[in-house]
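Could you slot chain B onto chain A? The hints should help.
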Amino acid sequence: MTAAGATATALRAPLEADGRDLRIAGGLMLGAGLLLPFLPEGAGLPCPLRTLTGVPCPLCGMTTSVTETLRLDLVDALAANPAGVGAVVAAVAVLAVRPARVRVSASFAYVTLAAMWLFELHRFGFL
Amino acid sequence: MTEPAAPMPPAPPPPAAGYAPPSGPSGPRANFGQRLVAAIVDAIIVTAVTWALILVLAGIADEGGAIVAYLLALVFGVGYYAYLEGGATGQTLGKKVMSIRVIDANTGGSIGYGRGVGRYFARWISSIPCLLGYFWMLWDREKQTWHDKICSCVVVPTDAYPVQ
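Chains A and B, in that order, give the protein sequences. Start counting the first sequence at 52; every next residue gets the next number (my numbering). Start counting the second sequence at 436; every next residue gets the next number (my numbering).
Just chain A, same shape as in the assembly (with noise of 0.2 Å):
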């Protein structure tokens, strides 16, 4: 096979993810979105490469959206990054249900990925 086709191969298969692996990161960031309020102002992580170019990446606006989904005030979520809305959507459902695996469509990531970036370079005058 090809280097392209084991690329190609690569990018189709889904993604599967540890349910437990899950459930800790979702419960960390779950918490971590409940305290940062509480913390004094810019206790959140900037973004490296905001801080070194200038440019956004996909997840920048992710620790506002997530911490403004938990309060309830949507509509700051969602013109912060609206991927933070469906993060803690999946945190609470992945606690919840507790999964052993979570299997998603690679294509699917992909393009959720490339939205979320599209939308932030937008976000920040780029487009």
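By construction, these hints were calculated from the structure, which means they are not laboratory data. Heads up, a few of these hints could be off.
Claimed, not checked - Have a look at the derived ranges for each label pair, beta carbon to beta carbon:
| hint | chain 1 | residue 1 | chain 2 | residue 2 | range |
| --- | --- | --- | --- | --- | --- |
| 1 | A | V162 | B | L566 | 18 to 26 Å |
| 2 | B | G494 | A | A166 | 46 to 54 Å |
| 3 | A | G70 | B | A595 | 18 to 26 Å |
| 4 | B | A474 | A | L86 | 13 to 21 Å |
| 5 | A | G105 | B | L490 | 28 to 36 Å |
| 6 | A | P91 | B | L507 | 27 to 35 Å |
As the list claims (entries may be wrong) - Chain B regions said to be covered by chain A (calculated; three or more residues, Cβ under 8 Å):
| hint | segment |
| --- | --- |
| 7 | 463 to 476 |
| 8 | 560 to 571 |
Nothing here was measured: the structure is a model prediction, and the numbers come from that model. We put the CB at the ideal spot given by N, CA and C, even for glycine.
Positioned in the frame of chain A, the structure of chain B alone reads:
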């Protein structure tokens, strides 16, 4: 008299076109929680030494002292990760606490000091897009971060892959 051999089960049908078998790591891998705690322990150690260097050298010298302090801090960071992860055990202090270690993805042996240095700088690439390269392990088949992939290594539990 020997027992008759049990009949062989019929071979499974070939997978349909487009079918993807369940993916999973090819062996036991350190989980997200173990790696996170190990990273926090290492970060505390490296940050403490870094701050001590900066405070001491920048406090007793001018701007040049601060630059030297930052360079020494960088050297300490590179040395800490490269020496400990590139060594025979593949364990930093944080990884030792969590009973996990770094091994070569192909041979299962040590990654060596050269790749240990490379892995340190590859962490920067994992960090740049809001740590996306670190979170990648959550859905990666071999639970590899970007810096694992760049340096062709995996992080494994020591009970499954004991230190020789």
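Evaluation of the provided hints:
1. A/V162 <-> B/L566: 18 to 26 Å: 21 Å, holds
2. B/G494 <-> A/A166: 46 to 54 Å: For B/G494 and A/A166 the Cβ distance comes to about 49 Å; the hint holds.
3. A/G70 <-> B/A595: 18 to 26 Å: 20 Å, holds
4. B/A474 <-> A/L86: 13 to 21 Å: Taking Cβ atoms as reference, B/A474 and A/L86 lie about 19 Å apart, which means the hint holds.
5. A/G105 <-> B/L490: 28 to 36 Å: Given range 28 to 36 Å: holds, Cβ gap about 31 Å.
6. A/P91 <-> B/L507: 27 to 35 Å: With a Cβ separation near 29 Å, A/P91 and B/L507 satisfy 27 to 35 Å, so the hint holds.
7. 463 to 476: Answer holds; 4 residues pass the 8 Å Cβ test.
8. 560 to 571: holds (count 7)
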